[in-house]
Amino acid sequence: MKRILAVLLAGIMTLSVASCGSKQLGKGTPGDDSAVLDLRGEPAEINSMKTADAPGGNVLRMCMSGLTKLDANDTPVGDMAESWDVSEDKKTYTFHLKEGAKWTNGEPVTAHDFVYAWQTVLNKDTGAPYAYMIYTMIENGEAVYNGEKKPEELGVKAIDDYTLEVKLINPVPYFLHLASFSVFLPVNQKAYEEIGAENYGKDADKIVTNGAYNIKEWKHDDHIQFVKNKDYIDADQIKIDNVKYVMMTDQNTKYNAWKANEVDVINVNGEQREALEKEGIEVKTYVDNGSWYLQFNTEKPGLNNVKVRTAIMNAIDTKALCENVRKDGSVPATGITPSGIKVNGESFAESVGNLVNYDPEASKKLLDEGLAEEGLKAEDFTITILSEDGASAQKEAQFYQEQLQKNLGIKVEVAPMPFKSKIAKMQSKDFDIVMAGWAPDYNDPMTYLEMFMTGNGNNYGGYSNPEYDKLLQDATKETDTEKRKELLVQAEQMLIKDAPLAPTYFSTGVYVVSNKLKGLTRTGFQEFDFTDGAEIVTEK
Amino acid sequence: MSKQQVYFILKRLLYSAITVLVLVTVTFFAMKLLPGDPFATAKALPPETIAALHAKYGLDKPEIVQYFMYLGNALKGDLGVSLINGRQVTDIIAQAFPVSFELGIRALIFAFIIGILLGVVASVKRGTAWDTGAMFVALIGVSVPSFIIGSLIQYFIALQLGLFPITGWSSEMSKVLPSFALAFACMATISRLMRTSMLDVLNQDYIKTAKAKGLSQKAIVWKHAVRNAIMPVVTVMGPLVAGVLMGAFVVETIFAIPGLGKYFVQSVQTNDYTVITGTTIFYGTFLVLANLVVDIIYGLIDPRVKLTGGKE
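Chains G and D are the protein sequences, given in the same order. Residues in the first sequence are numbered from 1 upward in steps of one, following the numbering used here. Residues in the second sequence are numbered from 1 upward in steps of one, following the numbering used here.
If you're looking for bench data, these hints aren't it; they were derived computationally from the structure. It is possible that some hints are incorrect.
[Stated by the list, open to error] Result set (PhoX-like, lysine-lysine): computed pairs, CA atoms no more than 25 Å apart in a straight line:
#, chain 1, residue 1, chain 2, residue 2
1, D, Lys43, G, Lys300
2, G, Lys124, D, Lys56
3, D, Lys43, G, Lys470
4, G, Lys477, G, Lys342
5, D, Lys56, G, Lys150
6, G, Lys429, D, Lys32
7, G, Lys124, D, Lys43
As the structure is a computational prediction, the values presented were derived from the model and not from experiment.
Model the full assembly from the supplied sequences, consistent with the hints where possible.
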């Protein structure tokens, strides 16, 4: 028995020594024309008209090409569109498409493919979650969606095969940015009808694409293998021939797989970031434009008072939250619109200024004043914070609980629950405070500000201020971009002053890349993009 | 097969069908009590879009109508489409179940062989270091959950020693660690059961007779003792198969294996009604049949057990 044990131990030690030498941390996956990246989950379906999930959006960015695409700085540049003209009232866009682009079934990419896709999105049978993006923006959209007008009456027309005219209801300064979004991508009518709406985008052989990469293989819940599309209109700019997106969900598994050089890019959490930095590995970050906050039910006794809400907002040490709890590079929020959102080329958050000021003493005073106005006392005031049931969300909720109890002397309970249950509670206004977050649909503060308008479907806390609504309505109609920006700045300042929410932090994406991969784009609008010059650098 | 045996099997099949029907009915109405909407996202969709989606998937009809429509379709083999990814539930099962099944079978073979061996060794060498060692392994297996075992062997054997890949389900090598991680608990149960049962058998008179006849230790253990001692193990194989196939979710997640466990668990979190009922019907039917098969095998191994429903 002892002898067997001794032999076993000796064997294990020899193997460990041998393997330590062979495993170079950060070397990356084998192969000098391929990269492997963690997609973080299986895409729902790869049908641009219906995609609403992040993995699906990432896959579409690889294999589909729209009117515009975002460059490495999130600035829209022409993709299928060679150029465009904008009318004086900024409500009509005329796109001139590149000639010679092809679908993977050999058909040419034309203006008709865009018209077909947008009309199909507005057909309720399609079941497109993002249909509202088209019908709230394009002329006659709502009437077409509700069947009151024919699809042909939608404000999008193919003037000829390579000229597309789009008529908007109001000027939309970020329309070129939006034109790169999945719901605005073209669809090849012949392919869609041949494959059938119910099957389209469900497997690798059931989708026809026009982008930089073709989907070679899709093994569900396992991986998607892309190969460079040699017929892509800008194929000479694509430098990596093979890209594999693997689907891993467990955070430790990703970490081990990256260390074992089975994957080139993974996102890491706060603890893993610390561990990697200790080993001398460079960890990268990007502003992912996630804005996180506590949303108040403004109809609950106590929380209906703006002083009480403001006191709660300013009683939370968000710096400590970012540094000691999240530890992932998140930064304290200064308002609702995060720093990565730009208007006229400048960070909107900077124009607005810092609206959140941690001050426990002043907050306690303000709270007592507010509660007294409502006939309440701090020691009798109990609130519940709804959070999701993941470990990090609960840790965060406990931090808020501790801060509010300590700094304000009120009683705080935490109610963790699954995501869908939380949404259901929010919809039925069955909450005091809920931990919520928002990722932008487009590069404009409006994506955050509009959800607090009276009656907006996302305005779960029931906030209503006619002056705020008017500022946003005026901004929507304003054609002068500077004046529009000024209106939006005023709106955000008014919003945080009214405090239907307490901004907490702007989140950051944290990731590691193997040494072999350079030039991968990661921004708040492009979780991954291989088409801005990503390349493989082989070590000599 | 006698007439009585055929009658027994037919009767059990009928009971099985009723069990599955009750299971579907309870699942169907219970899942509708789950708070939340399958189409709810962090961004609220306009009510008309939600209404259009509900109409598209028939969720706007009364629940009882939905239930009978679902039953009718299920009898025709149509389990509907996933509300989350739009794929046919039957396609999802057809793609993911073979992976889970293979993982489960590999784990069972692992568990069965090693479990029996450990149990036999422990009982024959009762009171020695072999016995203590084997039962220590069994104790770990019973008390440490598979996600700990999985994470530990992934870290030490795959990452530190580099002997196996960390993730995936493609090469033979990639299948070893997940099968082992899944097998561990099951193996422990089998070895403990086998040890107890062997000790019991080894004290029986006929073993003493065999010894007196001068048979070798090997022949006594493997020919005479094991065959009888294995009966209790076969009895628990039904529930063990269940445990292995249903408990795979954690192991599948740790080793990034594209199995069915994920759908079974996540469908509940995402209110993906069709996938919830589809996977439940599938697993339910599978388990009911697995138990039936075990009962039949039991009769074949032990002639004393008659497949007659106990009225002899």
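Checked hints:
no. : hint                   : verdict
1   : D:Lys43 with G:Lys300  : holds (23 Å)
2   : G:Lys124 with D:Lys56  : holds (8 Å)
3   : D:Lys43 with G:Lys470  : holds (23 Å)
4   : G:Lys477 with G:Lys342 : holds (19 Å)
5   : D:Lys56 with G:Lys150  : holds (20 Å)
6   : G:Lys429 with D:Lys32  : holds (20 Å)
7   : G:Lys124 with D:Lys43  : holds (19 Å)
Taken one by one, the earlier hints all hold for this structure without exception.
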